[in-house]
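Chains as they are written, first to last, in this note's numbering: chain H, 1 to 365; chain Z, 1 to 301; chain C, 1 to 259.
Read the hints as simulated data drawn from the structure, not as lab findings.
By construction, the Cβ of each residue, glycine as well, lies at the ideal position given by its N, Cα and C atoms.
Among the hints, erroneous ones may be present.
On the chain C side, residues computed to face chain Z include the following (Cβ under 7 Å) [unchecked claim]:
(1) Arg85
(2) Thr99
(3) Ser101
(4) Gly109
(5) Val233
Straight-line Cα separation of at most 20 Å, EDC-like style, residue types lysine to aspartate or glutamate; simulated pairs [to be verified]:
(6) Lys116/C - Glu138/C
(7) Lys82/H - Asp79/C
(8) Lys82/H - Asp141/C
(9) Lys180/Z - Glu55/C
(10) Lys240/H - Glu173/Z
(11) Lys263/H - Asp102/Z
(12) Lys71/C - Glu26/H
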Amino acid sequence: MSIDTERAQQEKVEPPPGPVSLVRAELPRWAPYGILVASLVVVGVLLAVTGGFSIGLFVFLSAVLFGLATYLVSRVVEGARKATDRLVTIVVTVAFLIALIPLISVVITVVTNGLARFDAAFFTQSMRGVGGANDLAGGGYHAIMGTLIITALAAVMSIPVGVLTAVYLVEYGSKSRLARAVTFFVDVMTGIPSIVAGLFSFALFALFFGPSIRLGFAGSVALSVLMIPVVVRSTEEMLKIVPNELREAAYALGTPKWRTILKVVIPTSIAGIASGITLAIARVIGETAPLLIAVGITTGLNLNPFANRMATLPVFAYYSYAAPGVPREPFIDRAWTSALVLIIIVLVLNLVARLVARVFAPKTR
Amino acid sequence: MQQPGDRIFAASARGAGILILVVLAGVAAFLVIQAIPALVANPADLPGGKNIAVYVAPFVFGTVVSSAIALIIATPLAIAVALFITHYAPRRLAQGLGYLIDLLAAVPSIVFGLWGLAVLAPAMLGLSTWLNTYLGWIPLFAGPVSVTGRTMLVVGVTLAVMILPIITAVSREVFLQTPKLHEEAALALGATRWEMIRMSVLPFGRSGIISGAMLGLGRALGETMAVAIILSGSSIITFNLISSGNSSSIAANIALNFPDSTGVAVNTLIASGLVLFVITLLVNSLARYIINRRREFSGAN
Amino acid sequence: MGKAIDAKNLNIYYSSFLAVEGVNMTIRPKTVTALIGPSGCGKSTFLRSINRMHEVIPGARVEGRLELDGKDLYGPGVDPVGVRRQIGMVFQRPNPFPTMSIYDNVIAGQRLNNKKMKKDATDDLVEQSLRGANLWNEVKDRLDKPGSSMSGGQQQRLCIARAIAVQPDVLLMDEPCSALDPISTLAIEDLINELKMDYTIVIVTHNMQQAARVSDFTGFFNIEGTGKPGHLVEMDETKTIFSQPKEKATEDYVSGRFG
């Protein structure tokens, strides 16, 4: 078809309506803030008058009014598209702030409640013989040691298996059927509920030692089931981003594959791998359910993970809160302090992971 | 011809991979072995005195309801949070804000349980009362309102907080992967920021959002301690979310009863754990399937 | 349709980094202007500043004036969204929306403004735009297929159809043929020659033969060294630039001695 006839056809079509001008009516820069303040005042006054003031209601109604008012004002002045854009911006921002509320609330609650017993006794005493006149003493020393031992054992088992599996997947397996199966089942393992891991470990040990078996090592096995997939996943991601040129450069120098992996690939990605392992430890150190099943609880210090029950921080916190002695308060206080210690450990591990990743990352520029 | 070092290293790497398969098979096998006594036992010997299906049913129901509430609350919130971090927050702050949400995922579940009971439950009494007063004709809010706040609704909200970071993290990642080209195509047509997101980011990220929600669901289904601490659940089936009678969840029921159980009761609890395992396995496999299908699809592009 | 663009002493910054300095340029309506120059010389940055697409990068700003038919594009109250409605853009790599059909891709921009267009009107608009992009005959039987099902050259023409469907005054093209094979490139070049009857076209290209083939005017950008700002060396009719440029640097560049 020639250009001329095409053009003739084009001319028949009516141009879409509405010439567009460059300058649009626009709300002044201060308008959103003005509307926000106005909303807060209006809601505040209304609630004060009706007498139903509560901080939650105040924030909620103010946010709703702010969104609606901004939408209406903007719609009148700037048109529907801009108004929708502004409304979505408010909704998205408010959603983020809402998501922060529980985080802040959890931290404040745990810190204020946990400080009561955040003392030397908590870190040096167990619960052996605590009761009666001694009620105010007692601490979580045995639980802290139990958590450290069981988690360390779990890490010792999980890290080599996890890292080696990741090496297999990235360096050896490529697209083999086994590698695909491992990848899939590692993903599946990521989703195993922690209590099921605990049941598995119990079922395993109960088969050999009878149904009343509870020991620290069983807890480590359960935690390993939860930890291995996390280690595999993060290590795999890190190995994958090592550029192939590095491997080829090493091969070209006549280096065997395993030395290339040990001397070139892993050192290049060690920061990321270490950071991922730290995060994996942080993830399992706070697990309660599997330890409740496989390790149980005890009042005294037990440093041998291969015999008898051990106390762990999360389980200690749980029993102190759910089944307190009489009087209740010292037990509740110890529960909160355990939670506080646990949160501090997890936060420190997270921080360490970020630092490791940042400080030891290979310099790219 | 391979060097011996190569052979040993390759074999141990391969062995580690196989070990994982063995462990997973072991998880399934040992659970089945220990569950069998409960399946073949005389129903009169089981807790509750009925057969195993009747025993597990209310807990399955409680598990599904609590997770459903969590999912309904967390998914839209997580999408909005992910959009805020990727497309609205000042770029210099974005990464830090991402960490902040990730920290929420790091808080141990026992802490969420304590917090849910001590802070959230009393805080939500007002809302529960309001729901009962104005929406009481819906069976979900029929009441009477529990004065302790140990209700299914509080559990659902707590679980929502716990799975929010998971869904956010997955959504955030796919939103960031939206090709710049598609975003610019929308902007160059004169789209506002929201229109650009609707035209390019959300369609591109849809499967990512779905799989993130499924992963969150998997976590909520298996969550134990928060439910065990907050809920005073029992072996009933009720849709009433705000009163004191609640269906317990599988995981919470195990945690609460396991330490004091003996004999076939232990096997019954393990059998219920097996049911939970199968449910989460299905949900997670579905999530992974969606993720992988998308990966192939985008790889072909 | 078809408006003039005037840059007056335009400086473009990314945060504190001065990327392009002191551009004075007049682009006449309904002409094709090619921008050439070595990599990193700021020609793409300048192009993107015309419809404020460079603002996608945070911290981007300009000094000086940039006018569309005498109206300041960076004046107070000017909405970048409105600017982009009048100044369309075609990118280096074809970028049809993968989740939309060919049909929906063409009217994607129109949908934003005019949600309740009649079916007839949209049908007409789609046909008119696809014809305008010389694509109608190739795709009229599969308008409901995804845009990604086409060849690269067809995808790029689909993007042009999508851009002209919102009836802009100016079309910016950022190396539109660099990802295409020679035959598809030829089709796009033919299309550019037709489009200039209706639109003012500014095209960035690395290919000097292409600049010579399609453009009426050519601007040569250069850069002193890394870290220095890019600047417009000279601008003239294309045949002048390629036969007797005033500047030595231009002559060296068009004769292939550097760049």
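Cross-check of the supplied hints:
1. Taking 7 Å as the C-beta cut-off, the interface hint given for Arg85/C holds, the closest approach to chain Z being about 3 Å.
2. With its C-beta approaching chain Z no nearer than about 4 Å, Thr99/C sits inside the 7 Å limit, and its interface hint holds.
3. Of the supplied interface hints, the one on Ser101/C is violated, with its beta-carbon coming no nearer than about 12 Å to a beta-carbon of chain Z, more than 7 Å.
4. Nearest Cβ of chain Z to the Cβ of Gly109/C: about 4 Å, under the 7 Å cut. The hint holds.
5. At its closest, the beta carbon of Val233/C sits 28 Å from a beta carbon of chain Z; the interface hint therefore is violated under the 7 Å criterion.
6. Our distance criterion of 20 Å between C-alpha atoms is broken by Lys116/C and Glu138/C, whose separation comes to about 28 Å.
7. Between Lys82/H and Asp79/C the alpha-carbon distance is near 10 Å, which keeps this suggested pair within the 20 Å criterion.
8. Simply put, Lys82/H and Asp141/C have alpha-carbon atoms about 36 Å apart, too far for the 20 Å limit, and the pair is violated.
9. At roughly 13 Å between alpha-carbon atoms, Lys180/Z and Glu55/C fall within 20 Å of each other, so this suggested pair holds.
10. Of the pairs offered as hints, the one joining Lys240/H and Glu173/Z holds, with about 17 Å between alpha carbons and a cut-off of 20 Å not exceeded.
11. A distance of roughly 33 Å separates the Cα atoms of Lys263/H and Asp102/Z; the hinted pair therefore is violated under the 20 Å criterion.
12. Of the supplied pair hints, the one linking Lys71/C and Glu26/H holds, its CA atoms being roughly 17 Å apart against a limit of 20 Å.
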